[in-house]
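Each chain is listed here by its residues.
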Amino acid sequence: MLRQILLHIFYQLNNERTINAAYHLLRGKRSGQTIQDVGIFKLYPYFGILRKLARPVFEDGVNSLGVEGWIRTDDNGYFTLTESGLEQVRKLALPFFDGWHYQGNEHIFYGRLSLIVQSLSNQAAGIRSFIPVQRNEEIQGWCRQFLLASDFRSGMLQQALFHEMKTSMEQSGLSTLQKELLVERLTGVGVTGIPWQQLSFEHEMTELDCQLLFISALHKWLDTIHQHNEQFPYLLKLAENIRIDNVLTGSAYQTAQMYNQGYSLEQISAMRRLKASTIEDHLVELAMNEPTFDSTPFISHEQHEAVQQAVRTYATRKLRVLHDALPHLSYFQIRLALAKGEV
Amino acid sequence: MLEQRLQEIFGYSEFRPGQKEIIEHLLEGRDCIALLPTGMGKSMCYQLPGYMFDKPVLIVSPLLSLMQDQVDQLRQRGEKRVVALNSFLSPNKKTYALHFLHEYRFIFTSPEMLTQPQVRQRLQSMELSLIVADEAHCISQWGFDFRPDYLRIGEILGEGRPPVLALTATATDSVLADIKKYLSMKEPYQFIHNVNRENIKLAKYMFDKKEEKHEWILEHVKNTAGPGIVYMSSRKRCDEFSQLLIENHIRAASYHAGKDAEDRQFIQQQFIQNDVEWIVATNAFGMGVHKDDIRQVIHESMPANVSNYMQEIGRAGRDGKDALAILLYADGDEHYARYIAIEDLPKTMHVDAYAAYRQMQQNPTVMLHDEGMSETAFRVLDYWMQQEPQEAVKQRLLNMEENKHTAVREMANIIHMSTCMRAKLVEYFGQTLIKTQEVCCTECGLEMDKIIGPRRKVTKQALMTWDGRLQKLLFGHI
Ligand SMILES: Nc1ncnc2c1ncn2[C@@H]1O[C@H](COP(=O)(O)OP(=O)(O)OP(=O)(O)O)[C@@H](O)[C@H]1O
Ligand SMILES: [Mg+2]
Ligand SMILES: [Zn+2]
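First to last, the sequence lines map onto chains A and B. For what it's worth, the working numbering labels the leading residue of the first sequence as 9, then goes sequentially. For what it's worth, the working numbering labels the leading residue of the second sequence as 284, then goes sequentially.
Think of the hints as simulated: they come from the structure by calculation, not from any bench. Treat the hints loosely; a few may be bogus.
[What the hints assert, rightly or not] In silico DMTMM-like cross-links for lysine to aspartate or glutamate, where the CA-CA straight-line distance does not exceed 25 Å:
1. A:K60 - B:D750
2. A:K228 - B:E545
3. A:K228 - B:D750
4. B:K487 - B:E726
5. B:K755 - A:E210
Input sequences plus hints: build the corresponding full structure.
In structure tokens, the structure reads:
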């Protein structure tokens, strides 16, 4: 599946970035460039879905696209999709991902869930102490508080959690395989969690595919939990601070606050002792994430429309090309227009 | 009475060999070295005293996973006053733990942590009842090359310290000498258990080509009874070979440091419950695994030294019943073993590069990127460059390399010589075989099927539905 995901990313990137952009995207690199790419090329689903992706695994994936004849790469790391590559893109059927809003936090959610299930399982068996599946002290502390606050000894929590999990998983439109994966990584008394290698054998797909389907399942499930929040109070609690709706990086966030208070670009730059170009990066990030962001102080409606027109005419989002076509606009203005997209 | 306390606190009716002697000497304030075989209960030598003293026991442990394992074991018994000071602690937790350090009964830490000024000062400002060096052979085996911080333990203990207890399963005379020296031990009481494990039978098989070994193991594993461990030298080989076993309907799992933490726990658990029959692992598997009925340990290629070999085969047959250790060899295995053994040592050119950076008043840590050095190698180099002049370090590194080569040669001897394997192993640890045994080793004559039974086929359990599994997890039944 990594191969299909890569193909889709390369298609979206429109031959305008090097293959490295896809690597940083999948690992969820928090740099201005990667974050802007997400917005410009509409790559929200894949941001940070494989935070630990190893370079050799990534390169194997890219190479296999070459071997299939779907892409051609050049020495500078740029690539082009071939005819058969484009053909493949039309046939793609990828599972749902929402990397942008979870960015790896889905694993924290699952970590909490698995430790709580393990605790309840041991409690049901009358075992008082056991070796926790989660070593992370923050998760342990969180779960301890959750269990105490939920009066877990009464046996009610088990009932409620079972009901919530079963109902919400059924409502999420997950495949049977995905539901299986979600419970197979849980562990308890007499039911040990299953290592990836065995899951890969049982389900007849690679370990990485199992992991990707698992992540996709978590994203879908978490969305359901948030959408029907009054129905699943315990799961909603477990999903506390997991979904990221304000996705600005720390520094961009500060700039955004000052900007919203009415400071100008120049003022912010002076007050924060940051280069104007950095503040511009922040504003582009803001434009991308905040649908209500008003860009008219920097670029007029007409200018914005001109950029959109140029994108269509030249079928590109390459800044240099657009700048050549619209020499009276600055790079910053063009980036803003790209970030905001069609309005 | 010590037995009474053992019964009260741990529920065991008697001491295992060596435990009582060691504890008595510790209570008298004497330094001790306990050389006990793996799984014989070395930890008890400080756990029981922990309940008899009113000040904390400090335990220095070489591996994070091992430390965690000990902490888990104590917590599982209901002990709350236990803490692990390691790099995983958040700054807040660390400050808290350090502040209340004197309140704990057991404090676990790593040599690296001990050298941190904050930790060091805190420890020096408080009273301890006992200091324990777990897996103390690391002081020698690793200290000189792998973990230089181990050599600093002695330095940190200082004067007026409480008794020191060194625990290890395998140590030659020279290692024992290193332990005494670097822990500044004063005439320690030594309890040295017979290193021979009679119930572990020793086999070796020679092959012309490496590939033949894999076929052999597959056939062997298909036909003989586990549970067992196959040790292999790389993560990739573990993954591939375990896959081959799984495809042949053998319940196997690959285990190495590259697996995520959950997987490692699941696999250990499955192995203990006999859901998995064979573990195919790098040497990352073993320390802290408590399974008494491991019947076989197979080495696909030769270990880098005899100590490692003893440690690894020692995981078999802890229940005292017959077990089998099989060592496979193909021509040229020494080359590979030698390569692996010195892979992580800094080289002469690194010494020069380090000196050059220092001359230019640059921080030599850039070598980690620029010279592509491993972190371990850099730590070793950094330590010695601060202790000795450039040329002396070069010489030292050459000596280390030579020692590693010698260690590989010693291991190879056990394979190539046609005298009793057991006698040679025991000799290596400075002991002599007191009596010969009927079933001993390949050289003395060995019939495998007398030791190991045929493989028992297990019927595969029906897979549970997802909601059935969830129900079983939460309620204990379907
Ligand atoms: N006196 C005793 N009676 C019964 N069981 C004991 C006794 N002492 C220790 N044990 C048990 O033996 C097991 C192994 O103990 P421990 O982990 O201390 O071994 P070890 O010698 O440190 O092994 P390793 O070399 O693997 O570190 C533990 O489960 C422990 O509870
Ligand atoms: Mg031990
Ligand atoms: Zn013999």
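| request: Take the C-alpha atoms of K228 of chain A and D750 of chain B, compute the straight-line distance between them, and say whether it is at most 25 Å. | output: Holds: K228 of chain A and D750 of chain B sit about 18 Å apart, inside 25 Å.
| Straight-line alpha-carbon gap K487 of chain B to E726 of chain B, limit 25 Å | Between K487 of chain B and E726 of chain B the Cα gap is close to 9 Å, so the pair holds against 25 Å.
| Are K228 of chain A and E545 of chain B close enough, with their CA atoms no more than 25 Å apart? | Status holds; Cα separation ~22 Å.
| Pair hint outcome, K755 of chain B versus E210 of chain A [Cα-Cα no greater than 25 Å] | holds (20 Å)
| query | Are the Cα positions of K60 of chain A and D750 of chain B separated by 25 Å at most? | reply | violated (30 Å)
When held up to the earlier numbered hints, the structure conflicts with hint 1 and nothing else.
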